[in-house]
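J.: For reference, the chains in residue letters:
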Amino acid sequence: MAQLPENLLRRSAEARAKADGRPFEVVMAEMKGEAPPAGAAAAAPAAAAAAPVAAAGGPVRDLDAESAKFGVRRTLLERGMFARARKDGTAVPAMAGAVAAAAPAAGQAAPAAVGGPPPVSGPPPGVRTQRLLTVVKAGAIQGTTREPQDKVNVWPHLLAIEFVALLVMLALLTLMSAFIDAPLLEFANFNEQPNPSKAPWYFLGLQELLAYFDPQVAGVLLPTFGMIALMFIPYVDRNPSVRPSDRKLAIAIFTVFFMASSILTIFGSFFRGPGFNFVFPWRDGIFFDDLKTLLE
Amino acid sequence: MADENGKGGVLTAVKGMGSHLRNSQVWNSIFRPGSPARADSGDTPRNRAYVVMNNVLYHLHPVKVKRHGVKLSYTLCLGGLSFFLFILLTVTGIFLMFYYRPTSPAAYFDLQALATDVAFGQLVRNMHRWGAHLMVITVFLHMTRVFYHGAYKPPREFNWVVGIILLLLTLLLSFTGYLLPWDQLALWAVTVGSNMGAYAPVFGEQVSFILVGGVQITADTLLRFYVLHVLFLPFVITIFMAVHFWRVRKDGGISGPL
Chain A
1 MAQLPENLLR
11 RSAEARAKAD
21 GRPFEVVMAE
31 MKGEAPPAGA
41 AAAAPAAAAA
51 APVAAAGGPV
61 RDLDAESAKF
71 GVRRTLLERG
81 MFARARKDGT
91 AVPAMAGAVA
101 AAAPAAGQAA
111 PAAVGGPPPV
121 SGPPPGVRTQ
131 RLLTVVKAGA
141 IQGTTREPQD
151 KVNVWPHLLA
161 IEFVALLVML
171 ALLTLMSAFI
181 DAPLLEFANF
191 NEQPNPSKAP
201 WYFLGLQELL
211 AYFDPQVAGV
221 LLPTFGMIAL
231 MFIPYVDRNP
241 SVRPSDRKLA
251 IAIFTVFFMA
261 SSILTIFGSF
271 FRGPGFNFVF
281 PWRDGIFFDD
291 LKTLLE
Chain B
1 MADENGKGGV
11 LTAVKGMGSH
21 LRNSQVWNSI
31 FRPGSPARAD
41 SGDTPRNRAY
51 VVMNNVLYHL
61 HPVKVKRHGV
71 KLSYTLCLGG
81 LSFFLFILLT
91 VTGIFLMFYY
101 RPTSPAAYFD
111 LQALATDVAF
121 GQLVRNMHRW
131 GAHLMVITVF
141 LHMTRVFYHG
151 AYKPPREFNW
161 VVGIILLLLT
171 LLLSFTGYLL
181 PWDQLALWAV
191 TVGSNMGAYA
201 PVFGEQVSFI
211 LVGGVQITAD
221 TLLRFYVLHV
231 LFLPFVITIF
241 MAVHFWRVRK
251 DGGISGPL
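Keeping their order, the protein sequence lines are chains A and B. Going by the numbering used here, the letters in the first sequence line up with residues 1 to 296, in that order. Going by the numbering used here, the letters in the second sequence line up with residues 1 to 258, in that order.
These are calculated hints, taken from the structure and not from any lab test. Just so you know, not all the hints are guaranteed correct.
Here are the computed distance ranges between Cβ atoms for each label pair [what the hints assert, rightly or not]:
| id | chain 1 | residue 1 | chain 2 | residue 2 | range |
| --- | --- | --- | --- | --- | --- |
| 1 | A | E296 | B | K71 | 28 to 34 Å |
| 2 | A | K248 | B | A219 | 18 to 24 Å |
| 3 | A | V256 | B | L231 | 34 to 40 Å |
| 4 | B | L231 | A | P156 | 50 to 56 Å |
| 5 | A | M259 | B | S19 | 26 to 32 Å |
| 6 | B | A219 | A | P281 | 31 to 37 Å |
| 7 | B | W246 | A | M259 | 32 to 38 Å |
| 8 | A | V256 | B | F203 | 27 to 33 Å |
| 9 | A | V236 | B | W246 | 37 to 43 Å |
| 10 | A | K248 | B | K71 | 20 to 26 Å |
Below are the DSS-like pairs computed for lysine-lysine, each with C-alpha atoms no more than 25 Å apart in a straight line [stated by the list, open to error]:
| id | chain 1 | residue 1 | chain 2 | residue 2 |
| --- | --- | --- | --- | --- |
| 11 | B | K71 | B | K15 |
| 12 | A | K151 | B | K153 |
| 13 | B | K66 | A | K151 |
| 14 | A | K87 | A | K18 |
| 15 | B | K64 | A | K248 |
| 16 | B | K153 | B | K66 |
| 17 | B | K250 | B | K71 |
| 18 | A | K151 | B | K15 |
| 19 | B | K64 | B | K250 |
| 20 | A | K18 | A | K137 |
| 21 | B | K64 | A | K151 |
| 22 | B | K15 | B | K153 |
| 23 | A | K18 | A | K32 |
| 24 | B | K250 | B | K153 |
| 25 | A | K151 | B | K250 |
Just so it is clear, CB atoms sit at the ideal spot from N, CA and C, and this is done for glycine as well.
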């Protein structure tokens, strides 16, 4: 046998000892060649070991004869015999006319009975066995670090939902368009500015701010600053968590700005009348031409 | 073949034609393997994957998504609906372009004619206008949805920025379209809006001059806004949308779960 590195030998011996239920030191010694393996056992211990088996009334097999009779190689017969014995937990039958290895798989009783060198269950000579030298944990060519996730097929689960959402949206829009006309006021007249003049509704929050601040602030600085602040949110918010309970501050700040812009827009749309002065829509009427056709 | 009143015969013939068509080379060349339209594709996991993989939709959707992302309550479909509205606005907008001239008196009268002379003209214009307002709302709500889910966090930071640009482009598209009816509402709303822009420091006046095509809104502004509205801004927003959708998939698909 080729010389094996010590660490590999140890691991192999540990595995073998565990499998056979024998002390590790014994197996190790045997593997190192310090204790004679079963196959190479001297005649005397082998005979001594064989004796109790035979004495116990076990069958005696003449493997050479069987080999000739059945046309099966002797080594195969031996292996089968050992395997059977190990599987059943019974004693290995004594072999006539050959070196006998007497080591039952359950091998606790035998050593005590013999009292000689510990019997081993190694294979007889000429039998090749494999042993686990080491387990090399292979790193995958492509490292997959992500955990498997609970996923569903896009078709039909997602596409069906999207299709329904699309149809609902289309239906609502068509219905609304069938009943409410888009506004078309008088022809554009440069000489007649309507009172109030309002920007498109999504800018009415800004126009509302114009009522409080200087145009440079309300019309330029605040929206520019707002847009830049929005863009920088991911780079300012260093909190890695996405759980709402971990992001109370971020949510609070965003909600304040969201509500403020919504309120300003609603205020500019419905609560501002002629001269962009404050009105109550339920008392003074609504001055909001985007929805003129709806409100009429 | 036909039963007593002959109906079965017609039905069988129609069914036969249908199955013949669905097995034809033409049909199978149109619908790629796995498509439910094909006669040979049953509802198997493999074919469910093929439906997306062998489809132009594969540019938008992966074969599988996280289970929680399919829930309507997670996304409310807001991003998808924004995209759908964009397509709808493109379709209705192309329709409107057939009947609209971006010149000073004609624009207004074309819109009047749309209501009276063109079949479904008023309906399509209504859909275009309400759809535009709706798209501003859905894009804005999509942004808030993404914020509350923390979906802008790494690795999705840049896609959030792209999203803000898309919001800006949406507002600009809506704003440039606002002038096109060339009525009192359009003229003065855009006047108020662009006056605000002119206050911008340093180059505010120059930007305003370029956008409006002069120191104040004139008939020339109409053409300028028209080109911005139907060509320039859709072109730009399409590019940004492509990046946006691509990044959604590259950054790991739908965010979450919370």
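J.: Please go over all the hints and tell whether each is borne out by the structure.
T.: Verification of the hints:
1. A:E296 x B:K71: 28 to 34 Å: violated (40 Å)
2. A:K248 x B:A219: 18 to 24 Å: For K248 of chain A and A219 of chain B the Cβ distance comes to about 54 Å; the hint is violated.
3. A:V256 x B:L231: 34 to 40 Å: holds (39 Å)
4. B:L231 x A:P156: 50 to 56 Å: Once the Cβ atoms are compared, 38 Å apart, the range 50 to 56 Å for P156 of chain A and L231 of chain B is violated.
5. A:M259 x B:S19: 26 to 32 Å: violated (59 Å)
6. B:A219 x A:P281: 31 to 37 Å: holds (35 Å)
7. B:W246 x A:M259: 32 to 38 Å: Roughly 33 Å apart at Cβ, these two residues keep to the hinted range, so it holds.
8. A:V256 x B:F203: 27 to 33 Å: Holds, since V256 of chain A and F203 of chain B (Cβ atoms, about 32 Å apart) stay within the stated range.
9. A:V236 x B:W246: 37 to 43 Å: Distance hint for V236 of chain A, W246 of chain B is violated at roughly 25 Å.
10. A:K248 x B:K71: 20 to 26 Å: Because 24 Å falls inside the window, the suggested range holds.
11. B:K71 x B:K15: violated (38 Å)
12. A:K151 x B:K153: holds (22 Å)
13. B:K66 x A:K151: holds (4 Å)
14. A:K87 x A:K18: holds (16 Å)
15. B:K64 x A:K248: The given pair, whose Cα atoms are some 32 Å apart, is violated under the 25 Å limit.
16. B:K153 x B:K66: Measuring from Cα to Cα gives roughly 18 Å; hence the hint holds.
17. B:K250 x B:K71: With Cα atoms ~21 Å apart, K250 of chain B and K71 of chain B stay inside 25 Å; holds.
18. A:K151 x B:K15: violated (38 Å)
19. B:K64 x B:K250: holds (14 Å)
20. A:K18 x A:K137: This hinted pair holds, its Cα atoms lying about 21 Å apart.
21. B:K64 x A:K151: Between K64 of chain B and K151 of chain A the Cα gap is close to 6 Å, so the pair holds against 25 Å.
22. B:K15 x B:K153: violated (54 Å)
23. A:K18 x A:K32: Cα-Cα ~17 Å, so holds.
24. B:K250 x B:K153: Holds - the C-alpha atoms of K153 of chain B and K250 of chain B are around 14 Å apart, at most 25 Å.
25. A:K151 x B:K250: Roughly 17 Å between the alpha carbons, so the hint for K151 of chain A and K250 of chain B holds.
Going down the numbered hints, you'll see the structure goes against 1, 2, 4, 5, 9, 11, 15, 18 and 22, while the others check out.
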